[in-house]
Amino acid sequence: MSPAPLLRVEGVRAVYGDTVALHGVSLDIADNEFFALLGPSGCGKTTLLRSIAGFETPASGRIEVDGEDLLRMPPHKRPVNMMFQSYALFPHLSVERNIAYGLEADGVAKAEVRRRVGEVMDIVGLGPLAKRRPAQLSGGQRQRVALARAIVKRPRLLLLDEPLSALDRQVRSSMQLELKRLQHEVGLTFVVVTHDQEEAMSMADRIAVLREGRLEQLATPQELYANPASRFVASFIGTANLLDGVATADGVEVRGVGSVAATHALAPGLPATAVVRPEDVQLSTDAATAGLRGTVVDTYFLGGASTISVEVPGILAPILASVHGASRIARGDEVGVGFGRAAVVAAEPAAASVTDPAEPLAEPAAQGASA
Amino acid sequence: MTSTLQREAPVPFLAPGVLFLIVFMAIPVGLLAFYTFFTRGRFGGIVFDFTLDNWAKLFEPLYLGVIMQSIGMALVVTVLALLLGYPMAYGIAGLSPKWRTVALVAIVLPFWTNFLIRTYAWILLLNNAGWVNQWLQGLGLVDEPISMLYTPQAIIVGLLYMYLPLMVLPLYASLQQLDPSLREAATNLGATPWRAFRTVTLPLSIPGALTGCIFVFVPAMSNFVIPELIGGGKTIMVGNLVRDQFFEARDWPFGATLALVLTILLVIVILVQNAVSRRLTEGPRRG
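So the protein sequences, as listed, match chains A and B.
Here my numbering is used: position 105 in the first sequence is 106, and no number is missing along the way.
Here my numbering is used: position 235 in the second sequence is 238, and no number is missing along the way.
Isolated chain A (complex conformation) (with noise of 0.2 Å):
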């Protein structure tokens, strides 16, 4: 991307006892980036995170800060700062004790650290809970405050490890755009651990997925979807119809369905799996159409746009597809099903698919209307 990379890490192996952590994680990170470290727990992103900020120290490889050398710095002389999951604000510290905490470590003058306080206190709105003490806030005032706390000393890079996943639903809808907002202002590099691929994809430049300690897949949000580099990652950005079957010169051969046409890179004969988006998937009610037909098993209505699950004969999950608004189309309907654009990734043996009926499908379907 960008000349020279703000930070960069570099063959990153974490080990602890005899699991690993991370098997040589590499990936660049611009100036100016919003950039999210996105994977299911246990993946690895939080020893990443906590080896950038210096809390853990890996088995081998480089991790650099404008191009020095950052595991050679003790962890409170890194130019980094980090917004905590759990906030750990200092419970005896009045709010504005906490925000300035940094600035009296670093030794800075006491007008200039009053100053630099109120000014990150107006732009995170806390200014009337200077006083105050975290346990006298609410969980959305106590978030503004870490993050206060992150920022006053302008880091090169602002680490957060699951910034809103101590809010509910309401807040954290409301506190994404607000850090993108900040992010914009501040004008400071964030790079965001999160499990949550809505917020990854709705805050990030660019998201690097994780998955048992390696990284699948790094690119942007339109990237990822459009275009899964694996059958995780597809099933983990977004909602997917996965169709197992058998690599062809133009497209995908699935048992029980027939061919799906797409354009990949696989050679022909290898098992691959059709990747196919719920608005890719066209639904006709017309009686006399021919091809795949499928049996309406559900339907959910979601305001701006429907997800309705459809039933095929010979294939495991049903296929879920996304229409505009309130559909027509009911429980017990016969329709024909048809599929539009497809990626296509090399199939995985024994990997869980989003289609399962276990997932709720809220999440997808949303996910769906934004795309």
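FYI, nobody ran anything at the bench for these hints, they're computed from the structure.
Computed from a predicted structure; not experimentally measured.
Quick reminder that beta carbons are idealized off the backbone N, C-alpha and C, glycines included.
Careful: at least some of the hints might be erroneous.
Among the chain A residues that face chain B by a calculated CB cut under 10 Å, a handful are [stated by the list, open to error]:
no., residue
1, L28
2, R79
3, Y88
4, A89
5, F91
6, D107
7, A147
8, L293
Some chain B residues well away from chain A (every beta-carbon gap over 10 Å; in silico) [said to hold, decoys possible]:
no., residue
9, L192
10, V203
11, D247
Starting from the known structure of chain A, fit chain B onto it as the hints suggest.
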């Protein structure tokens, strides 16, 4: 939160506790207070002639001196226990869970042995022909045995030994429940390890330290066995004085006065500790 709990706590559940407090606390303390205003009987007991002599006697230099000396000794023991106990508690809190259990058991283990036996062990250690003197002479550090037993210092060592666990345990509890991410946050914000300790760990462990101080100060001040056995009865503390009034001098009213004063002093200390702790943990009251 506490107010709703109090409001909702049904009376039948409180009754046993309240009854216990009335029978075993309010009545005895009331009786003690009542006795302080009467005259001693010839062979102990009380003669119901009203007098303020017991209270006046308290301010005689002899007795006031004993009270002050007891406060002083208990303070020294408490401070030493804090200085010794803090690093111990800090160390234990930093151990792996397995070794933590081992260390805690080791701290509590002496309590399983009888108090008197443990005190006699100190006599064996400290007397002129005792082990400590044997070692010192064996190592050629001293020529003559040092008389250690039956000194105020020996009492302090004995009390310290007896009550150190009571300092370590509450301190350990408060250090152990500190969220480790607080330390990390301080470090991440640029604090050196020492600064992080001084500005985060230390202030947040003050409530535990105060509890430990109370746990040590209160029994150290009223203990009378150690001053007698290890101190040889040469250094009289307020606990000895109280016991002597009842069992030897047969002056129950004055004994009651001393006991009541001791109780009041300790209650005041606890109230102060409580107020300080609350202020530290909850912050100044909002207007």
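Chain B contact restraint for A/L293 - C-beta distance below 10 Å: The hint is violated - A/L293 has no Cβ within 10 Å of chain B, the shortest such distance being about 53 Å.
A/F91 as an interface hint toward chain B, with CB separation required under 10 Å: Given a least distance of 6 Å, the restraint on A/F91 holds.
Residue hint A/A89, partner chain B, criterion CB-CB below 10 Å: holds, 4 Å
Minimum beta-carbon distance criterion (10 Å), A/D107 to chain B: For A/D107, the interface hint holds, since the closest Cβ of chain B sits about 5 Å away, which is under 10 Å.
Chain B contact restraint for A/L28 - C-beta distance below 10 Å: violated, 21 Å
Given as non-interface: B/V203, partner chain A, CB spacing beyond 10 Å: violated, 6 Å
Evaluation of the interface hint that places A/R79 against chain B, nearest CB under 10 Å: Constraint on A/R79 satisfied, holds at 8 Å.
Interface hint for A/A147, Cβ within 10 Å of any Cβ on chain B: holds, 9 Å
Distal placement of B/L192 relative to chain A, Cβ over 10 Å: violated, 3 Å
Minimum Cβ distance from B/D247 to chain A greater than 10 Å, as the annotation requires: Its Cβ never comes within 10 Å of chain A, the nearest being 46 Å, so this holds.
Per-residue hint verdict: A/Y88, partner chain B, C-beta under 10 Å: This hint holds: A/Y88 lies near chain B, its Cβ roughly 9 Å from the closest one there, short of 10 Å.
Hint check: violations occur at hints 1, 8, 9 and 10; the rest are consistent with the structure.
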